[in-house]
Every structure is written in structure tokens, then in C-alpha cells.
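Visitor: Residues per chain, in single letters:
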Amino acid sequence: MTTARAAAILLTKELRLEFRTRELLNTTVIFALVVVVLFSFAFNPTPEESRRYGPGLLWIAFLFAGSLMLHPSFGREQANNTLDALRMAPVSTFAILLGKMLANFIFLSLAEVVLVPVFAVLYNVSLAGVVGRLILVLILGTLGIVITGTVFSAVSAHARMRELLLPLLLLPILAPLLIAAVEATASLLADQPDLDRTWTTFLAGFDIVFLTASWLLCDFLLEE
Amino acid sequence: MKARIAGTALIAALVVFAGYAALYIAPDERTMHEIQRVFYFHLPAWITSFTAFTVVFLANVAYLLTRRPQWDSLGVAAAEVGVACCTIGLITGPLWARPVWGVWWTWDARLTTTFILWLLYVSYLLLRDLLEDPERRATLSAVFGIFAYLDVPLVYVSNRLWRTQHPQPVVLGGQGSGLDPTMGKVLGLCVVAIFGVMIPILMDRYRLERLRHELDELRLEVEARTSDSNSAVTPGSRKDTP
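So the protein sequences, as listed, match chains A and C. Everything in the first sequence is counted per the numbering used here, starting at 1 for the first residue and increasing by one. Everything in the second sequence is counted per the numbering used here, starting at 1 for the first residue and increasing by one.
Keep in mind that the hints were calculated from the coordinates and are not lab data. You may find that some hints are simply not true.
Here are some, though not all, of the chain C residues that point toward chain A, as calculated from beta-carbon distances under 8 Å [as the list claims (entries may be wrong)]:
(1) L119
(2) L120
(3) R136
(4) I146
(5) W162
Using N, Cα and C, we set each Cβ at its ideal position, and we do this for glycine too.
The shape of chain A in the complex, shown without the other chains:
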């Protein structure tokens, strides 16, 4: 079986599992909404300031949401030792990782689809005219979060205090991604919206570096 096909099958399994309960999506979306609302209480921004700080707020919310939602990715497999079953399947380990990355990408993207419009309304930020470019930045940034996050979910799944450990491992690694994603988003919310190419390229580079590293290291990550 090719890696792509195996990953697609595992992706359907992850999606079916999630959409039976929608636990992960519901909690993540609500959590991110709470962050967005609390921000308004903490800073009470004027419309001018919203545009200035909005991109940062948005990405901080995504990063926190991601670091919460990615733990169950491998944590869920532990309850019934289902990871052993996956390992025994005649598929490459990268396919297992890739299936989970794609599933997490879909979950986090769905959360963003809910959050971005709510953010635009609450903070009075106009997104008309930049939607296409914003989606590009969101895709590249979200990919970076889920690539590293899925790998670290596998790393932390075996540790004690695993729920707390994952954000600790993940958030420092994502520091460059946060800067690039915020700057790229800010370039779209400026008076003259113009996608910043340097930061967009940087985001793509971040994704490629860590996807390659995951591909090289996935056998070690999932071994018994």
C-alpha cells in the first residue's frame, strides 16, 4: 500500500472518530473564543489598536488552541493501546504520522474558520479583499503548528504530566512561526494590504524543514 493511500485511510479513521463526538473541536473552538474575548478585557483596544494587535492575538489563540488540541492525537491511542495495532498494520510509520497530521490540520483549520470571522466582527477588522491571501497565510501557519505539534504529541504521549508537557515543548519551537505568521497577517490588515513575501516564504520554509525532519525521524518516534 502506498504511503498516500495509507495516510488517507488513517485520516478517515481520525475524522470518523472525531465527528462521532466532536469533543475536540468543540472544546478547542470555545477555548480559543475565550482567549479572544479575554484579550478585549485585558487591553480594551481602540479600533486602531485592534488592527495593530489583532494578528498577534489571533495567532496566540491558534497556538494555544493547537497546543491543547494536539495532545489527544496520540493520547487517545493510549487508552486501549491502539497504537500497537497501528504499528502492526502493514503501512509505513510515516503514513501513520501523516494521517494524524492531516487530521489535525483539518481540525485546527475548522476552528480557524469559526474564529477568524468572529474575530473580525468583535474587533471591527475588515477582511474583505484579502480573504484569499489570508487563507494562504493561515494554511502555511497551521501546517507548521500541526507538523511539529503532531510529532511532539507522540513524544509527550509517553511522559508523565503529558498534558502540561506538550505546550512546554511546542510553544518555544513555534516562536519563529509565530513571528512570521503575525507579520504576514499584519501585512494583510494594513491600510494598503500587501502580502509580505519574505514572511510567507519563511513560513513555507519552516513547514518544509520540520516536515522533512518528521519524515526522517518518524521510525524512531513510533517504535515500541
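Given the structure of chain A, go ahead and fit chain C onto it with the hints provided.
Guide: Positioned in the frame of chain A, the structure of chain C alone reads:
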């Protein structure tokens, strides 16, 4: 034992001499005066910590390739030395920055990179503490260590593009850079001194980790034997004797 005492005495003498040279022999800096002398501790600490983190990365890669626990022990020893030196750098930096730049801390590229580096390797050590099975601990922390090291250039480039306040590299920099020759010699001496302190610490820490590893294995063996003979009474007994 004698060689050890002699070695320690030699290193102590080296450190004292380096400290003396930094405080009294090195010439006065034209604009910053006395405070600039923190430079002789700041830069060597940074060089050592970066070297140590590179050793962690190499040890992680070597472990994954060979699966020999020695590499894992080297990784943790180097990470601890690196974090210690990085902490020295992070403390001496603000002490120097406050009188010269007027602020304790600024979010410039090199400061931010060092701070993130420190966070990453503290997480690395934390991760190791929280993983119980020795082999799994070695493998998973090696994967994390490699990811962390790959992140360092990304953090640096992103901050460089973003904002920076550090001087253009003075040491090994481009045109118009360069140190007074005496300053250069004192700096070299201080680098040697801090390596002289850190390498023995690293070696001792490595030895300690090897002993710990051996102890763990012996303990597991004893447990396996006792649980074999007791299995009828208490299946899978024991947990966490400190």
C-alpha cells in the same frame, strides 16, 4: 586521584588568572569603561553554551544511528552544561546592557534567540525527567533535541529580519570590526578558562549518567527476578523507589 587534584588545581589557577587578566590586564574600553569587562565572561559563556548545544545535537544524531546509551548520556551531560553557560550569558547580558543600552533587556535577535535556546534545552531536560523507560527516554528526547537544534537558525533568522539592536559582530565580524590585540588575548584566555571548567564538569556528569544507567539496569534485573518468584502472590508489584 593525584592527577585529578593536579588537574583541578591547574584549572583553578587558570580561572583565577583569567579573572585577573579580564579585570586588570585588559585595556580600558574607550566609551564603556569598566563595565565592558563583563564582556570577558559574557562572550566565552555564550561560546561554551553554543558548543555544548552542538554537542547535544551530535550526540542525539549519534544515538539514533547507533543506539548506544553512551551517546544519550553525553547528550544529557552536554545539555546541562549548555543550560548552565546559557544562564551565565543571560545574567551577564542584562548587567552589561543596563548601563550601556539603558535597559536591562531588549527583544533583539541575539537575546531572543538565546532566550528561546535556553527555554528549548530546559524543556529537553524536563522531558527527560518525565519519561520513565530509559530506552524510550533516550530515543524520544533525541528526536526532540534534533527538532530543537533545527529551530535555532529559524529563530535567529526570524528575529534578525524582525528587529535587532546588538552591535554588528565585533569579534570575527566584517569590515571595521576587530578587537584591541590585548583584549583579544584576554578574551582567548577567558574562553580557554571557561572551557577548562566546563569540560571536566561535562565529563563528570557523563560518568554520573553512565553509573545511573548501570544502576537502573541492575534494578530492573533485580525486579524481574523478584517479581518472577513472587508473581503468584503480588503480580507486578513495586513502583518508584526514589
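Visitor: Determine for every hint whether it applies to the structure shown.
Guide: Evaluation of the provided hints:
1. L119: 4 Å, holds
2. L120: Holds. Min distance 5 Å.
3. R136: With Cβ-Cβ at 6 Å, under 8 Å, it holds.
4. I146: Hint on I146 of chain C: holds, closest Cβ of chain A at ~7 Å, below 8 Å.
5. W162: Where the cut-off is 8 Å and the nearest Cβ of chain A is about 6 Å from W162 of chain C, the hint holds.
The structure agrees with every numbered hint stated previously.
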